[in-house]
Structure formats: structure tokens, C-alpha cells
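If you're matching them up, the sequences are chains A and B in order. If you're matching positions, the first sequence starts at 1188 in the working numbering and goes up one per residue. If you're matching positions, the second sequence starts at 13 in the working numbering and goes up one per residue.
Where hints are given, some of them may not hold.
[Claimed, not checked] Derived lysine to aspartate or glutamate pairs resembling EDC-like cross-links, with alpha carbons at most 16 Å apart: (1) A/Lys1679 x A/Asp1731; (2) A/Lys1935 x A/Glu1346; (3) B/Lys233 x B/Asp176; (4) A/Lys1771 x A/Glu1792; (5) A/Lys1962 x B/Asp45; (6) B/Lys236 x B/Asp161; (7) B/Lys65 x B/Glu302; (8) B/Lys260 x A/Asp1824; (9) A/Lys1658 x A/Glu1306; (10) A/Lys1302 x A/Asp1287; (11) B/Lys260 x B/Asp179; (12) B/Lys260 x A/Asp1458; (13) A/Lys1962 x B/Asp117; (14) B/Lys244 x B/Glu156; (15) A/Lys1771 x B/Glu274; (16) A/Lys1507 x A/Asp1458; (17) A/Lys1935 x B/Glu43; (18) B/Lys131 x B/Asp179.
Derived by calculation from the structure, the hints in this document are not laboratory data. The model shown is predicted, which means the values in this text are computed figures rather than measured ones.
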Amino acid sequence: MQKSTIFISWFCFLICVHLKAQSFTVSGYIDDASTGEKLVSANVYDFNSENGTISNTFGFYSFSGTGNAELEFSYIGYKSQTITINLDKDQTVNISLQPDNVLQEVEISAVRSKKIQEESQMSTVEVPIAQIKKIPAFLGEVDVLKALQLLPGVQSGGEGQSGLYVRGGSPDQNLILLDGVPVYNASHLFGFFSVFNADALKDVKLIKGGFPARYGGRLSSVLEINMKEGNMKEFKGTGSIGLVASKLTLEGPIVTDKTSFIVSARRTYIDVLARPFIKRGFESEGEEGSTGYYFYDVNAKINHKFSDRDRLYLSTYIGKDRFFLNTRETDTEIRDRLDNNFAWGNITTALRWNRLLAPKLFMNTTLSLSHYNLDFGVGYGTEYPNDRLEEISLNYNSGIRDYAARVDFDYVPSPDHYIRFGAQWINHKFKPGLFTLREVDTEEDLNFRLELGQADISAEEFAVYAEDDMKIGSQFKVNAGLHFSGFVVNGKTYLSLQPRISSRYLIDENTSIKASFATMQQNIHLLAFEGIGLPTDLWLPTTDRVRPQTSYQFAIGAARSLGDDYELSVEGYYKSMSNVISYKEGSGLFEFTDWEDRVTQGDGEAYGAEILLQKKLGRLNGWMGYTLSWSNRQFDDLNSGREFPYRYDRRHDLSIVANYQWKENISISGAWVYGTGNAVTLASSNYESIVQGDIGEPNFIFASYYGDRNDFRMNSYHRLDVGINFTKQKKRHKRTWSFGAYNTYNRKNPFFIYSEVDYERNPATGDFEGTYSLKQASLFPIIPYINYSFEF
Amino acid sequence: MMNLLYKATILVLLVLICSSCGEDFFTTTLEIDPPEHTDQLVTNAFLNIDDGKIEVAVSQTYSVVDVDQEFELVNDAEVILRNDQGLDQLVPASGQDFGFNYFADDIVSQGNTYELEVKYGSFNSRATASIPNLVTLYDFEFIEDGGIDSEGEDRSRVEFSFDDPEDEENYYELTIYMSNEGDPTLPSYATYTDTNDPSGSRGYNYQSLLISDASFDGERKRFKALMYPTTKEEVEGRLFVRWKVVSKEYFQYSKTLNIASELEDNPFATPVQIFTNFEGGIGIFSVYREKNYSVF
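Input sequences plus hints: build the corresponding full structure.
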């Protein structure tokens, strides 16, 4: 009751703000003049009133005031544009900014772009896709998530992994949105590549704390990724041929300045290249068969502008990984066969409708689908000459499917308020894992089928929110909001009111201090093995036995612009998490028992400090980030109830990323990372223990003593990646050759640790004697890459 | 100038790459130092309060590096049993080289709490345990066609009831065993035991079941244990249940020990630390109640 009162009061406040507003509005869209692509977070500034605003995710802006306004529209990498306008009535002004090339960025550094110290939102990083594409990439495959791992407060799980561990949280605590739709499994090839094809992306924003009220459902971060909309002016294409995969992106107008499309596809081809060799290999064994692995993904989007007020977007992502091994004997009368298949993938689709309801009120409605599915099948069969078929197969299927509807409103009553409110509903369907055992014998007329596992679970999730980005005086700015969510499962309802506040105080023109507080609730859980991101990781709902995860996070910090080129931010944070989920000790994936019996819930705590020095402009750009952090967990059922370090507790994490535009057609880049080793559990001693269950003599059982969980540190992780890009404008297209190397100085970074005992005969005694050794396995030595890309 | 910079960059890259090309360039494993080992005293002590019998095994840990280490019991330790009623009794060495090397069968059941102290050289470890309440079984039934177990195998079933004491955490260990064919007065072997009841979990090597009353505290419980499929004729008069009321510490110890042994060769599993209730050492001191029943 009390919660509802607070919420209603908040809405009343918003209405009051509206009634107070007595001004006229200029609104419209800001886009790229060459492509028609909408510009997100472009800056609008009135030199007369010294007020401003920014464009939203769809390029929409709204500025209100009175009298004459001298409005400057600016965006990094674009020439700014200034217009003078008399605000005596509501007006629509759409702005197209001309892009500037990279070398000219140095000259445009004086453009008044939104400075870090002016934003009330903290713990947020936006990395331009163009910058991500220049960072040296593993096997030449540009990877958005791996680029984000180079930011302070964001860690990778292990060598080559694309999972994100943000401020001591786990990968399931990241809300990854592709065009507003959650993506449940964001990796290909067991986590070595992310599912996001950089060629199809427009912008990437990561929020680590101080979450605005419009986001909800995860504890640790929001990663908002938006696809390009497609060129409205002319037909364009980009593509690349790399060591792992090739990709092609086509975009262009269907109706110029009205309807556009973009299609981007990527596929690995090692399976195709190896096919003739594999076929020959099977034939030499008297078999026919095939084996291989591939992944592909396709991004597609169509957008149509009905009018200045209405626009429709339809976007989809389809991605799949598949491993297969199929063999069949050919040189015998009785033929055995084996069929193995392991496939997983996501499908997301979003239909979004933008409508400008009034000059100050923008609406976006989204209908979406997100589906993640895993299929694993193994089958053995025997074919007899008399057509008899014997076959036994086991299939495993799990996944999650969401249907969602969402409506968001942006209301800009005055330059001092930017109000957002909206609502969301999601229908989840969880498949916790179903085994199907099938046995066929045509001669015995046997067709046996047994299903073991758990029934699908449906759940409804809803949320409403309201937030206001308020300017109070010339120095103080606050983003305050409330997020109210509910989760209904098996007749039980979990409600949660989550207050959020983020503020900044300008000390002087270049410096501000910031503080934020956010509470979050997460109603779905990822049941995963620590240490390796497997597609078998299960998304599961909160139930009457498994409670929702909750957290609160405080952060304080300071931000300062150092001249026009550099930005420095320093933040400290404390995050407390409750009901985080883990497998009970000894529980595993492929078990027939109820998953709720296999999990346990506990608490987590993470705190630390982050420093980010960033240079976005100029020939030399990049950043340097450092994180000092602690992350611990406590479960009653693990480690005898004692607190232990999270596996990814990383005391020091340092990254330096630099891109240098050496010549007009040559750019050099490098990235160096250092991180404290992961925390693992290792045995220090052995002993014999007794179990009493049997009858008669006691059983002595070999046992190992581990000390506390995760109390051993792997070696520290560091590596240097370098790359060089040669670009040349040809007659009909522009091409780029990229060369580089991952782990240039061949550091043997830890991947996992194992023990080994080698036995050798002692010549003197004739006895075998063992030698114990503890070994650290590394995954990737120096790996050079070459990549050819083109655009036309 | 630019040309020079270009060449210098290429040179630096080549030097970086070539300098990495040592003998073990393509080796992906590296030997590292194992965690430091400290000797610890290991005590496994079980006090059957109904029989007045205590069995103790004392040994030591050894480094993971000592792979040829022979398992040896410590036979010259001082093992002292105390309780909250003033008992202070030395548990004498039994002289055994294997099994329990300290033994006494004259322990008086009194008080609520027992403490076991083990002294050996500079080691001094101690643990305390409380006497659990006796809970008895009744209404036994044997069912030949007892359904399937968690792995889909056909099983026979033994059912029985008991009244779980209210407002206290209770833990039980159940073993189903057959008597010796030649001499029915002697136990022969523990039979395979499993259950589909979520309050029960498998013990070591399927030889027992561990049961927690968390889901039926204070209630009458009808428990169904599964065993190898067999006929009534085969087991009539020879089928027994050994029923122990154990401490929470023993329950945790036994569960973690079973899990640890099951996971020994699983590379994906997080290692499990075996529960200990000893301070200054490791192991388990368990005080339990035991009663044996004939099923039919």
C-alpha cells in the first residue's frame, strides 16, 4: 500500500512539472546527412539560455524555451550546425549533420559536445563502433563484448571468453539488449566470440551502476546495443574475409528517405574447407560421414518513415551454433551408425513504432520475441541387410522464450526536465531441460519413448517506471526515478519497488562530483558452471522455492575534462547482492532430479574503485582504465557457510587501449591488459577419511584437503595485442587490410590448472615411483591474424 | 620521418614476436608451485551412545606432492573423551594397524555434550558433539515391485514410518543389509540403497541413505527406500535396517565426503571441501544413536 502511494505521488509530481511549463518547443530528429542514420545522444545547446538537451535512442530531441534561441547541434565526428530560431510557437526542425573524417576530428575538437562532467548519469560508458573496429581483434574477428572487457569495472571470465563480469557480478546479471530485446546467450563457440556482428551495429552503451529507472530485471549492468537502421540515401555494402568467418552487410533505401533496409550475415567456414579432408578420412576407415562445427548469424532491419511523426522499425537477429558428427559404416553387411548433434542459438525480433504525440512527447512502442534454444542429441543405430533397424537415441532440449510488449514515453516539458515513463510486460516460457530416450527395433516391433525431466514453466513479468532528469540550478542535476516490477509464477507473485537516483554537482566548468544509488531485482537466473561459459547453462525462473535476486549499489565519483581531448573519471562503488544462485556442491547439469533441488542461494558483496582516462578525439585516441576491486560470496550450503572470494574476484585490473592514425590510410592500434589471477580451489594435502555407511570394517576413502573455497590464485593474466590497418580507396570501393597479433609476446596465460602424477620405475628398487606436478594449461599463444575488408 | 617510424614499428613487432620464440614456444602448459602444505591431524571418531562404544582413527595429512606416501595411522596419540557431566576418559590405543586404532566400549551415556581431544606432538585438536534424541522406526513393509529409481531402474522397496521430533533439526542415516546366508545372526553386506524421496540423499557408494527432516520437521514420516530388485522369498528373515540418528555435523561430513569422492575425476566440478568439526585439525567427531530392525 505504501509503495503504491509513493508511486502515485511520483506521477502527480510529473503532472505538476508539466503544468508549470510555460514555453514553446522545437523538436525533431537528428540524423547523419550522408546515410539518414539517426544519431543517438547528439547534443543540442542554446547559447542564449545556456540550456541544452540530447537526442534519444531514435535520434529524437525536444527543446523548450522562450524568445530567440541560437541552437547548436553537435555530435562527435560530425560538423556542428547552428540555427537561430524564435521560440514563439511549437516547431519541428529536423537536422542532418555532415560527417567529418577522422583526421579532421582534431580540428573539430573545439565543438561543444556533451562533456562527461555535465552528465548526471554515472558509471556509463559509450564506445563508438568505429573505435571498437580499430582495436586489435582475436583472429581478426571484431568483437563488441571483448572491447567492453577492456573498460574498468568490466572483466572477462577467462582466456578468450566473451562473457562480461561487471563490478563483481556474474554474466547472467547483465541485461543485454539488442534493439531493446534481451539476448539470452550472447556467445558463439563456447564463449570465444560474441553474437554481435559489429558491421550491423550503430552504437553500444554499457551502464554499470546508477541505473535509470527505465531499465530493470538484472543486477549488474545494462548493455544497450542498437542496430543500424539502413542507409536512407544510397545503396552501400561492407564485408570482410577473415581467418574464422566472413561477413557481408548490405544496406540501402527501398524508397529514398522513406524506407531503408540493412542485412548483415556472418558465417564461419572451417567446416566447409575441411569437408573434403574429413570425407576422405571417413572413407579410409570404411565409413561415410561428416563432422564439423560452424556458427552463423544474420541481422536484418527494415525501417519506414510514415511521416515526421511516425516511424516503424522491424529488426531481427538469428544466430546458431552447431557441432555435428555423423558416421555410417559402408564396408560391412551390418552397418553401425552414429549421429551426434549439438546445436544452440538465439532468435530475437522487435517491431518498434515511434510516434511523436506532441512536440514535447515522444512515444516508442515495442513488440518483441526472444528465444534461446539448446538441442543435444546422440544416437546409435544398426542397419541389418534384412531392413531391420535397431536404434537408441537420447536427446536433451532446454531454452527460454519471451514474448514482450513495451511502451516508453519521453516527455521534455522544459530544458530543466527530461521525463521518461513507461510500462513493460513479458511472458516467459522456460524449458528447464527435457531428456527424451527413444529405442526402436523394427524386428521386435519396439518403439519405446521415455521423457524424463521437468515440465515447461510459464511466468509473467511486468514493470512500470518513471524517471526525471532534472536540472536544479546551474550546478546540480539529478536523475531520480522509480521502477516497480512484478513476477508471477506458479500462482506466486513477487513485487518490487526499486528507487533509483543518480546526481551530479558541477564544482567548476570542467569538474563535477557524482553519486548514485540503485536497487535492482532479477527474477530469472542462469544456472551455470563457474569457469566456462557453456551453451548448456540454464535460464530458470524465480519460483516459490527459488527467490529473486536483489541488489543495491552505491557509487560516488568525480569527472573532469582535461582540456578538450581528455576525460577523466574516478568512481568508487559498493554493491550488495542477495539470493544469488549456484549449483549445490556436487550437483551437475545432466541430472534427472528437480533443478530446484540442485541449486542453492546465497549473498554476494562487491566493492572497489575505477579510474578511466579517455581520449576520444585526435590522431591518437583510446583509454586507460584501472580497477581495484573485491568480490565475495557467502552461501550457507557452500564452503561450510564461510564467505569466500568469487572466482572472478580480481584485485587489480588494468587496460590500455590506443589507436593511432599514423597516415591518412594507415592506423595502428594496441591493447595491453593486466589482471590478477582468478581465484580457484586447489588441494594442498591428502588424507584418508572414514565413511560409516557400510556394514563391517570401516571404509577408508582417499580425500583431499582444499582449505577454503577459491583460496588459491592463478598466475596473473596479461597480454599485448597489436594491429595495423592499411586502407586504400580504389575505383569502386574502399578496402582495408588488417594485420595483427593476439598475445604478441606469447604470454602463457592461465586457462585452468590440473595436477598430474608421472610414474617411473626406480632402477635401484625396481618399484614405480610417482612424481606429482601441478600444471597450468594455457589456451592461446601468440596468434597472428589477417583480415580483408571492403566497403562500397 | 614517417618512413622511419613505419620501419621501426615493423621492427618492434618482429622483435616482439621473435623474442617469444623460445624452446617452449608452442608449449601450452607450465609447471607451477602447488599450494603450501601444512601437516594436520586427521581424526575420525564415532561414539555410539547406545552401545557405549567409541571408535577412533587418528592419522595425518600429507602433501599432495607425496604421491608414494603410505597411509599410516598415528598410534601414539593421546585421545581423551570428556562430557558435560565431568567424564574425562582416555580412549586407549587398540593396537590395530588399519581401521580404528583407538577403541573403548565402556562409555557411560550421560549429559548432552561430549568433547574429544586428540594430542599428538605439537598437535592438539578437539571437537564437540551433542547426543541426538533416539527416534524409532515402525510399520515396516517390503514391496517386491518398488518402482524405478532416479536412473530408471526397477527396484524393490522397503517402507517404514517414524515420528520426527518437533522443533529440532534431525538427521538420519539408513543402511539396508542382509544377514549372512550361513549364519543369519551375522550381517553380511549392505545392499544398494537409493530413494526418490527428496529428503533423502545417497550415501557413499550407494550403501546408505542420509535423511534430513527439513521438509517434515515434527511430522510422522513414511519413508520409502529403494533396493536391488529381489523377491520376498530371497530376503525373508534376512533383511535388516540399520537406523542411526546422527548429528548435523556428521550429516554434512558424510554428504560432502560422498560428493567429493563422486567428483574426483570431473574436470568441470568445483572441488568440494569435506566438512570438519575439529578445531586444530580436521575430521569428524560424531555421537549417534543406533538401532537395528528386522524388516520382516
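Status of the hints after comparison with the structure:
Proposed proximity of A/Lys1679 and A/Asp1731 is supported: the alpha carbons are some 7 Å apart, at most 16 Å. With a CA separation close to 10 Å, the supplied pair A/Lys1935 and A/Glu1346 stays within the 16 Å bound. Among the hinted pairs, B/Lys233 with B/Asp176 is consistent with the structure: their alpha-carbon atoms are about 7 Å apart, no more than 16 Å. For the given pair, A/Lys1771 sits about 19 Å from A/Glu1792 by alpha-carbon distance, which is inconsistent with the 16 Å threshold.
Straight-line distance between C-alpha atoms of A/Lys1962 and B/Asp45 comes to about 8 Å, which keeps the hinted pair within the 16 Å bound. With a C-alpha separation of about 11 Å, the suggested pairing of B/Lys236 with B/Asp161 holds against the 16 Å cut-off. Pair hint B/Lys65 plus B/Glu302 holds up; C-alpha atoms about 11 Å apart against a cutoff of 16 Å. Restraint check for B/Lys260 and A/Asp1824: satisfied, since their Cα atoms lie roughly 13 Å apart, inside the 16 Å limit.
Restraint check for A/Lys1658 and A/Glu1306: satisfied, since their Cα atoms lie roughly 10 Å apart, inside the 16 Å limit. Simply put, A/Lys1302 and A/Asp1287 have alpha-carbon atoms about 19 Å apart, too far for the 16 Å limit, and the pair is violated. For a cut-off of 16 Å, the pair hint linking B/Lys260 to B/Asp179 stands: about 14 Å separates their Cα positions. Taken as a hint, the B/Lys260 and A/Asp1458 pair is broken in the structure, with Cα atoms around 54 Å apart against an allowance of 16 Å.
Restraint check for A/Lys1962 and B/Asp117: the C-alpha separation of about 48 Å exceeds 16 Å, so the hint is violated. Restraint check for B/Lys244 and B/Glu156: satisfied, since their Cα atoms lie roughly 7 Å apart, inside the 16 Å limit. Between A/Lys1771 and B/Glu274 the CA atoms are separated by roughly 14 Å; this keeps the pair inside 16 Å, and the hint holds. Between the alpha carbons of A/Lys1507 and A/Asp1458 the distance comes to roughly 14 Å, so the proposed pair stays at or under 16 Å and holds.
For the hint pairing A/Lys1935 with B/Glu43, the CA-to-CA distance comes to about 11 Å; that is within 16 Å, so the pair holds. Between B/Lys131 and B/Asp179 the alpha-carbon distance is near 37 Å, which puts this suggested pair outside the 16 Å criterion.
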